[in-house]
Amino acid sequence: MAQNKWEVVVVGGGPAGLSAAIEAAKSGCRTLVVDANETAGGQLFKQIHKFFGSSAHRAGVRGIDIGGELLAECEKQGVEVWLNSVAIGLFKEKTVAVERGFDNGAKSVVVLEADRIVLASGASENAVRFRGWTLPGVMGAGAAQTMINVNRVLPGKNVLMIGSGNVGLIVSYQLMQAGADVKALVEAAPKIGGYAVHASKIARAGVPIHTGHTVLEARGDRRVEEADICAVDEKWQPLLETKKTLAVDTVTIAAGLKPLVELAMMHDCQMMFHPVLGGWAPLHDAKMETTSPGIYVAGDISGVEEANTALEEGKLAGISAAESLGKIGEADADRIRSEIWGRLDGLRLGPHGVMRMQAKSEQIDHYKSAQSA
Amino acid sequence: MENRVENHVVLGMEPPQNLVEITVDGKPVRAREGEKILAALLAQGIIVNRYTVKRGEPRGLFCGIGQCTDCAMVVDGKPNVRTCMTPVRAGMVIETQHGLGRRANGTE
Chain U
4 MAQNKWEVVV VGGGPAGLSA AIEAAKSGCR TLVVDANETA GGQLFKQIHK FFGSSAHRAG
64 VRGIDIGGEL LAECEKQGVE VWLNSVAIGL FKEKTVAVER GFDNGAKSVV VLEADRIVLA
124 SGASENAVRF RGWTLPGVMG AGAAQTMINV NRVLPGKNVL MIGSGNVGLI VSYQLMQAGA
184 DVKALVEAAP KIGGYAVHAS KIARAGVPIH TGHTVLEARG DRRVEEADIC AVDEKWQPLL
244 ETKKTLAVDT VTIAAGLKPL VELAMMHDCQ MMFHPVLGGW APLHDAKMET TSPGIYVAGD
304 ISGVEEANTA LEEGKLAGIS AAESLGKIGE ADADRIRSEI WGRLDGLRLG PHGVMRMQAK
364 SEQIDHYKSA QSA
Chain C
137 MENRVENHVV LGMEPPQNLV EITVDGKPVR AREGEKILAA LLAQGIIVNR YTVKRGEPRG
197 LFCGIGQCTD CAMVVDGKPN VRTCMTPVRA GMVIETQHGL GRRANGTE
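Sequences listed follow chains U and C, in order. What the first sequence shows, in the working numbering, is residues 4 to 376, in sequence order. What the second sequence shows, in the working numbering, is residues 137 to 244, in sequence order.
In short, the hints are calculated from the structure, not lab data. Where hints are given, some of them may not hold.
Listed below are several chain U residues computed to face chain C (Cβ distance under 7 Å; list not exhaustive) [to be verified]: (1) ASP106; (2) ARG225; (3) ARG226.
Listed next, the in silico DSS-like pairs over lysine-lysine satisfying Cα-Cα at most 27 Å (straight line) [to be verified]: (4) LYS186(U) to LYS246(U); (5) LYS163(C) to LYS160(U); (6) LYS29(U) to LYS290(U); (7) LYS214(C) to LYS95(U).
Only part of the chain U face toward chain C is listed, based on derived beta-carbon distances under 7 Å [as the list claims (entries may be wrong)]: (8) ILE51; (9) PHE105; (10) ASN107; (11) PRO139; (12) MET142; (13) THR149; (14) ASN154; (15) LEU157; (16) PRO158; (17) GLN180; (18) ALA181.
The C-beta atom is built at its ideal place from N, Cα and C for all residues, glycine as well.
Start from the sequences and build out the full structure, keeping to the hints where you can.
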């Protein structure tokens, strides 16, 4: 096994990881990004919609364009990016085991030594279990989004969407843009979860949004051919007498995401469960450092939010890692961090944002009590 | 008619692609060089990638980003290849995977 030494190793080349790497490299750190995919950029390249917020938050810019800019900046700053490279282990003394290569070829494992590590592994989609949920044609909403926007293929023609958060709403619209027919969207809660602007777009296009409804079953011979939906009562129990069968070949599940925290747990980073942030996530301070010194987190691994918060958190982690290596002075780092926190506060506004802001400050409070314990 | 998103209101026309031939369960299939195997199959309406070990249930695309392994197939004789992560090359031989994909188990 080859040995490799780096000042900063970033795990995950999505918005958080790339912006962390850019900041670290700008400050003069020898920086490597390892990414499992054939192309870095994480999920940005499937986000063809314009982002919200003010111009400081890249509002009005599409995820795909931000992805391209980040990759160009990485190249300019001399960040090394290893593709098709999965971090499979994180060990004491900050070594990272990385498996490189495609499944159908020869793979090799490289062990890296890192002075600082930024974990930006992102999140994975939650599943919803119902009868028939393993049938081909039932998939994550993000999976469908990847197919239409990145791979440019339709996984099916007639879609039932489960979940009315922003992912469910936006992907419904994008499925229609790609030529699919969204037959219905069901949401078990009594109210639509995502932004009204996204909901009204698909409602205007004629998609029935059934709040207080759930999916009961998907059926078909080796692929989805139909699905049953029904209303739920105030205790979330299905009201079978309201059952309706839809002719669909695809059921997409948008039931939220959970942080991909395995590497942090492997390194005994202390964790906290917060439902607003998608479940278990590592505690961290305002510099994004975990309870394991020298290990930073950024983006969805530190609590599921959005691409624009991930970009800012990545910068925090990158600056802080560089500062701790003596590449940037404390005063400069503090000034930059306070600007970033200003923008983060701006992104955590509104009824959804305030809950996230509260949850993130709880993480930092817990970090402090864990450190003083 | 392939299930392709060729002209897109935001993304525009797809750039021209190099077409190659691959074999899927013994039949020739036209695919785009470098696209994910899974995408090439979905374009042809093929959505079952494998059958499970114990119950022989069909599985296909679920996460699309290499996490779930439901889209694993046998590629050039090698089982458990995640087709959503693996690019098409000319002449590839793709087979639906049965169980663990070992030919000796007699399920193919």
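Failing hints, ascending? Hint 7 is the one this structure does not satisfy, whereas the remaining hints hold.
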